[in-house]
Every structure is written in C-alpha cells, then in structure tokens.
Amino acid sequence: MIKRLSGCIREFKKETILTPTFMVGEVVCECIIPLLTKDLINSIQVGTTMSTILHYGLRLLVIAMLSLLCGFASGWFCATASSGFAKNLRHDLFYRVQDFSFSNIDRFSTSSLVTRLTTDISNVQMAFMMIIRTAVRAPMMLVIAIVMSIRVGKELSLVFAGIIPILLFGLIMLAKNAMPIFRSVFKKYDALNNSVQENVQGMRVVKSFVLEDYETEKFTKASDSVRADFLRAEKILALNSPIMQFCIYASMILISFFASKLIISSGGAYLNVGSLTSMITYSMQVLMSLMMLSMIFVMITMAQASAKRIAEVLDEQPDIHDPSEPVYEVPNGDVVFENVSFKYSANAERMALSDIDLHIRSGMTVGIIGGTGSSKTTLVQLICRLYDVTEGCVKVGGIDVRRYDLETLRNAVAVVLQKNVLFSGTIRENLRWGDPDATDEELERVCRLAQADEFIQQMPDKYDTYIEQGGTNVSGGQKQRICIARALLKKPKILILDDSTSAVDTKTDAKIRQAMRSEIPDTTKIIIAQRVSSIQDADLILVMDNGMIHGMGTHEQLLTSDEIYREVYESQNKAGGEQNG
Amino acid sequence: MADRPSRPPRAPMAHGKADLKPLGRVIKMVFQDYPAVLIIVMICIVISAIVGVAPAVYIETITSYIEQGLSSGWDSVGPSILRAITVMICIYALGLVCTTVYTQLMAHVTQGFLHKLRVKMFSGMQKLPIRYFDQNARGDSMSYYTNDTDTLRQLVSQTIPHLFSSGLTVIALLAVMFYYSIPLMLVIFVGIFAMTRVTRIVGGQSAKYFMRQQNSIGKVEGFIEEMMNGQKVVKVFCHEKAAQADFDQINEELFHDSGNAQRFSNIFMPIMGNIGNILYVLTAFIGGLLICSNGALKNISLQNLIQGGSMLAPLQIAVVASFLGMTKQFTGSVSQVSQQINSIVMAAAGASRVFRLIDEEPEEDNGTVTLVNCRKDENGTISECPEHTGFWAWKCPQDDGSVSLVELRGDVRFFDVDFAYVEDKQVLFDISLYAKPGQKLAFVGATGAGKTTITNLINRFYDIADGKIRYDGVNINRIRKADLRRSLGIVLQDVNLFTGTVMDNIRYGKLDATDEECIHAAKLANAHDFIMRLPEGYNTMLTSNGTNLSQGQRQLISIARAAVADPPVMILDEATSSIDTRTELLVQRGMDALMKDRTVFVIAHRLSTVQNCNAIMVLEHGHIIERGTHDDLIAQKGVYYQLYTGAFELE
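Order-wise, the sequence lines are chains A and B.
Sequence positions in the first sequence follow my numbering and run 1 to 581.
Sequence positions in the second sequence follow my numbering and run 582 to 1232.
Take these hints with a grain of salt, some might be off.
Pairs of lysine to aspartate or glutamate residues, derived as DMTMM-like cross-links and limited to a Cα-Cα distance of at most 25 Å, are as follows [unchecked claim]:
| # | chain 1 | residue 1 | chain 2 | residue 2 |
| --- | --- | --- | --- | --- |
| 1 | A | K462 | B | E807 |
| 2 | A | K343 | A | E316 |
| 3 | B | K1049 | B | D1064 |
| 4 | B | K701 | A | D388 |
| 5 | A | K218 | B | E1207 |
| 6 | B | K697 | A | E212 |
| 7 | A | K218 | B | D829 |
| 8 | A | K491 | A | E567 |
| 9 | B | K1017 | B | D981 |
| 10 | B | K1017 | B | E1004 |
| 11 | B | K1062 | B | E1207 |
| 12 | B | K708 | B | E1207 |
| 13 | A | K462 | A | E442 |
| 14 | A | K188 | B | D1085 |
| 15 | A | K218 | B | E648 |
| 16 | B | K1006 | B | E1207 |
| 17 | B | K708 | B | D1093 |
| 18 | B | K822 | A | D505 |
| 19 | B | K708 | A | E217 |
| 20 | B | K789 | A | E316 |
| 21 | A | K235 | B | E1207 |
| 22 | B | K1049 | B | D997 |
| 23 | B | K1177 | B | E1117 |
| 24 | B | K822 | A | E429 |
| 25 | B | K822 | A | D213 |
| 26 | A | K218 | B | E944 |
| 27 | A | K154 | A | D334 |
| 28 | A | K218 | B | E807 |
| 29 | A | K187 | A | D229 |
| 30 | A | K261 | B | E942 |
| 31 | A | K218 | B | E942 |
| 32 | B | K701 | B | E945 |
| 33 | B | K957 | B | D1064 |
| 34 | A | K218 | B | D997 |
| 35 | B | K1091 | A | D213 |
| 36 | B | K800 | B | D715 |
| 37 | B | K1218 | A | E442 |
| 38 | B | K800 | A | D464 |
| 39 | B | K1062 | B | D946 |
If you're looking for bench data, these hints aren't it; they were derived computationally from the structure.
On a predicted model such as this, the values are computed, not experimentally measured, just so you know.
With these hints in hand, go ahead and build the complete structure from the sequences.
Right under this line is the structure:
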C-alpha cells in the first residue's frame, strides 16, 4: 500500500527529499542555539567585554539566519511536495476510474468514489506532510536535544528519564481512549448530517404532515446525543495540555533544584547558570517533540484507513480491455446474440441472462418490454460491451464485440441510459459530447429529431442555456430529449434507448419514433419501454421475463401468443375499466 | 439521483477582506448561553497565563540565589532556594488546576454551544417557507451543518481560548518586563513591530491563498462529484479523455493554489521563530552593553524604584538572564496569535453563512381559525369537545369575540385566483374551481402549465396574489397553516421516506396511530403484502430514502402514510416514472382506495384516474382552457379530445 501511494511522488521526488534534509538543518540549528545562548549568558555573567558578547552574538545571529534559511526552504519544498503528491494521487485515481468498466464502477458506489477522491486524499496529503516534515523533525529534535542536554547538564539529564515515561504514558493513554470514541462519534455525526439532508429533501412531506416540531424534537435528541459523545471524547483530549504542562513544570522544578545544588556545590565549575537556562530550553524541546510524535501517531493511524481506500481503487483492475488486434470499422447495424448467458459477478448464484438467442437486422426497430428485474437493461448493455458475456457471444455487424476497438464499438452503438445525466455547461456543450466537431446545423437537426429543438428555442439563451449540475433546471422530459439528441449526434449504427422517454408525453414520444423511422432508417433502433404504446409499432418486440426471452414477435403476434404481453397491454389500455366501470 | 453523495459543495468565499462581524455575534451567543461558566473559564485562563509567565520570575530568583550561593555556599542559600521551589510548586499546581478546569469546561461549552446552534439552525429551518427550499440548493443547506459548524467548533474550542491566553501572556510578560527593565522592553517593541509586519505580509498572503485554495477545492470536488455521478455516461460516450483533460486543468489549478497556501503558512513559523532568535541576540547585546558599561549606562525599572528608591541602577545579570527567557516566550506567544489567522478567517466566513440561515424570515402565519374535535348532537348542532371523536370542525373566532364552528367537510373553492412565483412572471390566471366534498378533480396539461402550482396554493406552500380560496367556506388565509395542512393529505410524485422502520414511516402520517391503524392503512394502500415479504416486515429499517425498496414499493408506503392520516381532502400527484406494470397496478389500486370518500385533487397522468373524475381541468400556460367530465370533454372535441386520442397517457 505504501509503495503504491509513494509511487505518486514522481516529479516531486526532489522536493520530497529536500524537505526533510533542510528540516534536519533547521533542527540542528535550533539545538545549537541554546548552546550558544548558554555561552552568551555565561560570558555576560563573568562580566567580559563587549567584544565577547559580540563574538557570541554574531555566531548566534549566523545560526539563526541559517535556521531561518533551512526552515524557509524546508517549508517551501514541503508545500510543493505535498500538494504535488496530492495532485498526482488525485490524477492517478481519476484516470484509473476513467479506465473502469461498468462492473468496476458497480463495485464502488458513486459516493464512495467521491469520498476517496476528496476527503481521503486530503487525509493522506496531511499525513504525507506530517511524514516528510514533522516525522523527521520530532525524533531528530528528541535525539539531538537529549544528546545536547547530556553534554550540557550531565547528571541533570537524568530528569528526563523520569519525565519522558510519564509523558509518553499519558499521551498514549489519551490516544488510546479517545480514538475509538472519536471514530464512533464521527459515524454518529455523519448520521446526524444525513438526517438533515433527508429532512431538507423531504421538506414538502414534513410540512404537509405538519411535523416540523416532531422533526425538530427528533433532531434535538440526535444532536444532543452527538454532543454527549463528542464531549466524552473531547474531555479526554482536553487532558492533553494539563499533562503536557505538568511535565514541563515538573522538569523545570527538578532541573532548577538539582542544578542549583550542583552549581553551588561545585562552585560553578561543574555547571553554571548558563547551562541551567539551556537545560530548561532542551527540556522543552524534548517534551514538545514527544507531543509531536504522539500527534503524528494519531494522524497516521487515522490516515491509514483513507490510504487503504485509495489503494483499493488504484489496485482495481479494469475488467474490459481493448483486444490485441482490434477491428476499427463496424460494417453495419446487425446485432446477434448467440447462446448468451451472463451474470454480474463470478460468484453470483443467479444468471442475469440465460440462453439468449437473437438476430436483429440492420435498420430494424426492436422493442423490449418486461417487468423490473427482467434484465432488459442487462441485455442491451452487452451490445456495446459495457459488460462482457459470461457464455456465448454477442456480435455487432457480424463480428464479436470483443474484437472491436472499444471506442469504435461505442461510437457505433449509442446508448441513452436509463439513469441519464446532463453535465453542468450549456446545452450546446452537452450535445457536443456526441460529436465535438458538430456544426450548429447538425445540433439543430438532431434536436429536431429528438423533438428538443422546439423547447430549446423557447429558452432565453436557446442552445447556450446553462444546464445546472445534474440538469436540475430542465424538466425530466426535456432532459431525456436532450440526452437522445446527444446520442443521435454520434450518428450511430445502432441506437439503444433504455426507457429514455418515460417522462416524455406519449404524443411527443410517438413523434420521436416517427422521426427516427423516417430520418435514420438504416440505424438499428432498440427501445426499452414500460408502455406498450412506445413499442407496439416496432418490427420486433421482445418480452423479457426473469433473464430470459419470454416471447418474441410483432404486436399482433404477441397479443395472441404471449400472456405477459397481453396482460401488460390490457392493464395499460383498459385500466380502471374493470374495477370502476 | 438517489445515490448522489451527501457531500455538499464548499460555498465559494469572496476574495478580499473577510468580515469579522459575525465572530462578535458568535462570542455573544456563547456568553449568553454560558455566562457563569465562561467567567470561571476566563479567570482560569488569566491565572494559568500568569502562571505561565512565572518561570521568568522564578529563574531570575533562582539564578540570583545561585550567584549568591557561589560565594557563600549552599548552606546559606539552600533554604531560600527550597522556599522558592516550594512556592513555585504551589503556583504550578494552581496553574495546572486552572488549565485542567478551563480545558474541561471549554469542552462542555463548545459541545453545548454547537448543539444549541445546530438545534437553532434546524428548528429555524423547519419554520422556513417552502419557497426557501425551492430556491436554495440542497447542498448549500447541508454545508451549514457540516463545514460551517466545524469551523465554529475550531473557533470556540481552540482559537478563542488560545487568542485569549496568548494575548494575556503577552500582556503579562510586558508587565514583568516593564518591572525589570524598561530599556530592554523597548528592544522587545522592535520585535513586536517586526512581527506584526511579517504577520501582515506573510499572514495576509497565506490567508489570501488559503481562500483561493478553498475555492479550488470546491471546484475540484464539484467536478469529481459530477463526473463520478455521470461515470457511466462518460463511458458510453467515450468521453474519458476529455474528462481527464478537464480534470488535469482544474487539478493543476488546485495544485498551484494549495501549494501557495501551504508555502506561506509553512514559512510563517520559521520566520517568526527566528525573529525571536534575532531579538534574543539583540536583547543579550543591549543587556551586555549595559552591564559592560560598568554602571555608566543605567537600567531603568520599577524594580529599582521599589528596591533602591530610584528607577536608575546598574543592570543585574540575573535580570538579563530572565529577560532572555521572556523574549523566547514572548515571541512564541505572538506567533501563536498570528498563526490563528487562517482559522479566524474561515470561522468568520462560516459564521456569516450560519447566521444567514438563522436570520432567514420564517414562514408567516396569521391564521386564527383552528381545527377542533367536535361532537354532533341529535338535532345537528356541533359542539367542541376535548377527546378524539374523528369528527372535526373549524373553530372561527368572530370579530365580536364569539366563536363559530364550521363542520370540516372538504369543500374547496377557488375564485379568480392569480399567482406568480416571482413578480412579473404570472403562472396562474383567473383560476376558479369548485370541489364539493367527495368530488374528484383532475388537472391535465403539459409540464409547466401550472398543475403543481395549484396544489401548492391549497396547502399554502405559497400564497395567492389575487382572488380567494375557500375551504368549507372559510378563507384559507384565516386558517392556521398547521391546521390547514393537517386537514389535507398529499402524495407526491417524488417519494421521500425517512430513516426508520417501515412502521415509523407509515406512522409519519399520524404520530399517535397504533400499529393496527398503520397496518390497516398499509392494507388499504395495497402495501401490506410486500411489506410482509420484507426481511423484518414492518420493522425493516429503511435508510437513505428507502434505497432498499423499489420505486413502486416506496410509492405504496407513501400512500399508506397518507391513508393513516385520513384527511378529508387529498392531493395526489401521480407518478410518471417507470414502475413495472404489476407494481403499477398495485399503486393504482392503492390510490383508488385512498381516493374513496374524499375530496381529491389529482395531477393526472393516467387515463383511468382522469376518466373517473367528477371534473377535469385542462391547463395551458396557467389558464384553465377546458373543463368538464370526461364525456363532456370528449364531446367538445377540444384539446382534451386531442390529448386523449393522440395519447393514452397525459403529461
């Protein structure tokens, strides 16, 4: 995992190495400074001349400048290294997701991918910064400060032997007790925020049932329980500064007591006042670096989960690849299913599709109907190789889809997905997804075909109307029509509409089908629908049930031969008649 | 859309100077909630800050004893040193107690404050008119509870106490310095000057880039969210390369901005720390100069005044020693204060957004007419009674102080109603309609014709601009909104379920409904069978708007929910979305059962519903262009006839 992530440092290797290098310089300087101040104070003490003070003062100044330089450089490089690392990580993750096939995407939920790309990356970035900076600084400081204090204070440094274990014990106890609470608190906190979202989303329901007070009461309870749990965790964490203070105070008292005794009894030869002050500085440095170490420990443990989630995405292998000698030309819009069976994952028990045999000639209009879970969508998704078959083969234009270059295949087979999405940008920009080089005339032509031109022309900015993220400012039916136009722009050999006109009124729906029949006669059209009216004039209708083709034929044939079809037709056309009539 | 992640977009922050006024309001709020606790906290901080300064004095004392001891031996100064140490232990113990007390108390204050703030936001939000929710993006409302509240937690729990205690330390140190040596204190002022300059320049840059970084993060996150949601579309259109190119561009921007933001905050500490070091040398130098002058240059201090009667005296070596320590501490505190800049700026922005929500105008309600339980005696007079009778009446206070009771029957009439969501863009014109108790009215027409708007007016989600709406003869503007809405049931096209069990969700219609009532309602709605097939029946937990159910099943639950409320008037917005045919049949039967014996307004998409209605209103651009029964309208051969013959379903 670490190897996987550290691979993202790449061009920032130089900065990543320079950061700790300069950091070492800064730490060394910081540890020399108390040594020099000791000499300075001592020289003042014995009443030497100005020149001695100047001498030590200048040395101190030089070291301070050096320390400034090192600190500056280290901070500078660290910024580049850590934001560069995050950039590369985001880049790799995003690119990897772009390589995912549908089955890969299904394995991760959308929201979890978003979290991995955002929150998790910033957690890892923080940890990275900690590692190259603080994780170098703290142990270095600890070691050097201890060494220095032994040099300066000899026996005095034994004080640390007493204090360090106390501090370490305290800090570890805090982290150990607080971390699990924090973890559960954050979960509760998330749940609380989700309930707010739910409430905002369902505000009409809340207000209709006059449950504002009830909701407030519910929220108050939940919020109060978050408060109580958070408090528990924070109270533990709040002990941090008293523990730290205790250690600082204790070492100051011990050092000053022993030091004064030693200095006086040795008559200043063994130790002096200057050493006392520098000893105190060193003790601060030792304790501070211990605290930093415990912080790093906590941070890194917390980031570990994030790192794992990121590595999971990076390690996920795309399921569908281009073949080694791809075909770059789709000859026509024929579609053939030969003994196709399919299941979504290798260890799924149930086949999503079984024993499908199907021949569709170029230019035909095919309707597919069937209940939820009858695998209508699954069937059509195999045509453009969004998934690979488990058994059998799917051929487009007489060639197995697995032999095509993926982009060639998908440009020839346009799918308007059931869960379709428009992207933030103008209508024109959205349409051009179908063909980046399309002229305005072409855009208008396909929009007329999809019965979208009329309402687009009525919008204030026409084709330059800005679509909000998620397409919230157009109605469902309008969105579907724009999506159809976008797919038409690809000039596909096969066009698949997966329940793409459900929000379009039947009249317009009929117009779209009419236009397709006359304008793109050579394109194979496959239409999945819930309404019989959307498909009853198709050349061929498939009735899907439970992953199998239950019936196949024209409207008239199916009315007599297929009971499911008949039932659906009757319920939609005479509905209400029998029970209310 | 159901699987849209909950992460809200970060609200972009304005460039330039941040408005710090909201922070004052935050502090005021905290003080109002916890006046006594905060006074204790402040006292504790003051004490612990003073204790924090004590080492300076202490070191000075000890070193002077040591110097004495060097000539006279341990025995002469030993007791004094021990005494000094004992005093210090006591002072430190006091400091420790204070620190512990105030950090623990602040944990209470912070969490309590946040809890109160959240509840205040939430309860305020519940009172906002629907207009607010229609106009504001969901993500915006969410970020108040997440990002913005988090910035305030940081502010209250850390920034403010830190600022207070560091500020106090600085003042205390200055006081001690003033006591020991005025010339050396002036040296410190040079340092303060340098440090404020650096804070202004580096800190200003840091804050500027920090804001930019937040903007870039918002942009990147927005893009990622959009692309992840549309990932399958990206694949279908082979748009991966283009998406990658777009991503690279904004990723590069973020790299640039976050690099700069970090750079300035990273170099801040080394600069501040080394200004401290330089100041240290300067202090030593000046101090040395004063000492080496052998009394020619004298120290000016209060200490001299107190001990020797004159402010002027030669500088003591011990004073220099402790002064040097103080210099360190001083620069440390000042840089701590300066380090808080980013979180202050963030908190100010967060607070101003939170207050914007809290300050939103609540939904107005001047209604005086209420809904009361009633009893009807043999001769038909209605009288109010406290217990639940299932028989309701509107209680209308009259001008003369008397009260009249009007039976709740479900008679709704519109007289010449005009309406506009925004001024100058009228969406309904001259709507008049009459729904007698038990009648069913259907609205038919294209998207945007005004069907939903009419239903928004009945339950007063929006108020009409002109005309009248009467409910059982009572002007609906006079009815208390809560009572009006309680008398109306609503089944919306987009079903919203809440986290909880299936039973909880059904009971949402009427909180005091028994389990039996809920099950009865579910049976009526045709939902009982499928619910019984769920793993835990009525106790099955629903999460994230019931993602574990199909669209049709969710609809059935929402029908049951309306059924349990059992209101005399129902508003039904039929779903157009694709449900498989069998479930749809169930939904339809459920709806039919629900409609029985009620006044119903239905936004119709299905032929069967329309046909069975007492009246059908065909809407176009906010006008009722045709009205009548199905047979009337067919006979008229107008728009409805065209719709009917051109299409079996109506949009």
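Status of the hints after comparison with the structure:
1. A:K462 - B:E807: 23 Å, holds
2. A:K343 - A:E316: 19 Å, holds
3. B:K1049 - B:D1064: 18 Å, holds
4. B:K701 - A:D388: Violated, because 53 Å separates the two Cα atoms, which is more than 25 Å.
5. A:K218 - B:E1207: Violated. A:K218 to B:E1207 sits at ~46 Å, over the 25 Å cutoff.
6. B:K697 - A:E212: Between B:K697 and A:E212 the Cα gap is close to 17 Å, so the pair holds against 25 Å.
7. A:K218 - B:D829: Violated, because 44 Å separates the two Cα atoms, which is more than 25 Å.
8. A:K491 - A:E567: 36 Å, violated
9. B:K1017 - B:D981: Since the Cα atoms of B:K1017 and B:D981 sit roughly 30 Å apart, the hinted pair is violated (cutoff 25 Å).
10. B:K1017 - B:E1004: 32 Å, violated
11. B:K1062 - B:E1207: 31 Å, violated
12. B:K708 - B:E1207: Violated, because 38 Å separates the two Cα atoms, which is more than 25 Å.
13. A:K462 - A:E442: Judged against 25 Å, a Cα distance of about 15 Å means the pair holds.
14. A:K188 - B:D1085: It holds: about 20 Å lies between the C-alpha atoms, which stays within 25 Å.
15. A:K218 - B:E648: Violated - the C-alpha atoms of B:E648 and A:K218 are around 69 Å apart, more than 25 Å.
16. B:K1006 - B:E1207: 23 Å, holds
17. B:K708 - B:D1093: Roughly 22 Å between the alpha carbons, so the hint for B:K708 and B:D1093 holds.
18. B:K822 - A:D505: 36 Å, violated
19. B:K708 - A:E217: 13 Å, holds
20. B:K789 - A:E316: 39 Å, violated
21. A:K235 - B:E1207: 69 Å, violated
22. B:K1049 - B:D997: 7 Å, holds
23. B:K1177 - B:E1117: With a Cα-Cα distance of about 31 Å, the restraint between B:K1177 and B:E1117 is violated, given a limit of 25 Å.
24. B:K822 - A:E429: 16 Å, holds
25. B:K822 - A:D213: Violated, because 51 Å separates the two Cα atoms, which is more than 25 Å.
26. A:K218 - B:E944: 21 Å, holds
27. A:K154 - A:D334: 90 Å, violated
28. A:K218 - B:E807: Distance ~32 Å between A:K218 and B:E807 Cα, so the pair is violated.
29. A:K187 - A:D229: 11 Å, holds
30. A:K261 - B:E942: The hint is violated at about 71 Å.
31. A:K218 - B:E942: Satisfied, since the Cα-Cα distance of roughly 23 Å is no more than 25 Å.
32. B:K701 - B:E945: 18 Å, holds
33. B:K957 - B:D1064: 20 Å, holds
34. A:K218 - B:D997: Roughly 41 Å separates the two Cα atoms, so the pair is violated.
35. B:K1091 - A:D213: Given that 25 Å is the threshold and the Cα spacing comes to 13 Å, the pair holds.
36. B:K800 - B:D715: 24 Å, holds
37. B:K1218 - A:E442: Given pair B:K1218, A:E442 is violated - Cα atoms ~38 Å apart, limit 25 Å.
38. B:K800 - A:D464: 22 Å, holds
39. B:K1062 - B:D946: Answer holds: B:K1062 to B:D946 is near 6 Å, not above 25 Å.
Violated hints, listed in ascending order, are 4, 5, 7, 8, 9, 10, 11, 12, 15, 18, 20, 21, 23, 25, 27, 28, 30, 34 and 37; each of the other numbered hints is respected by the structure.
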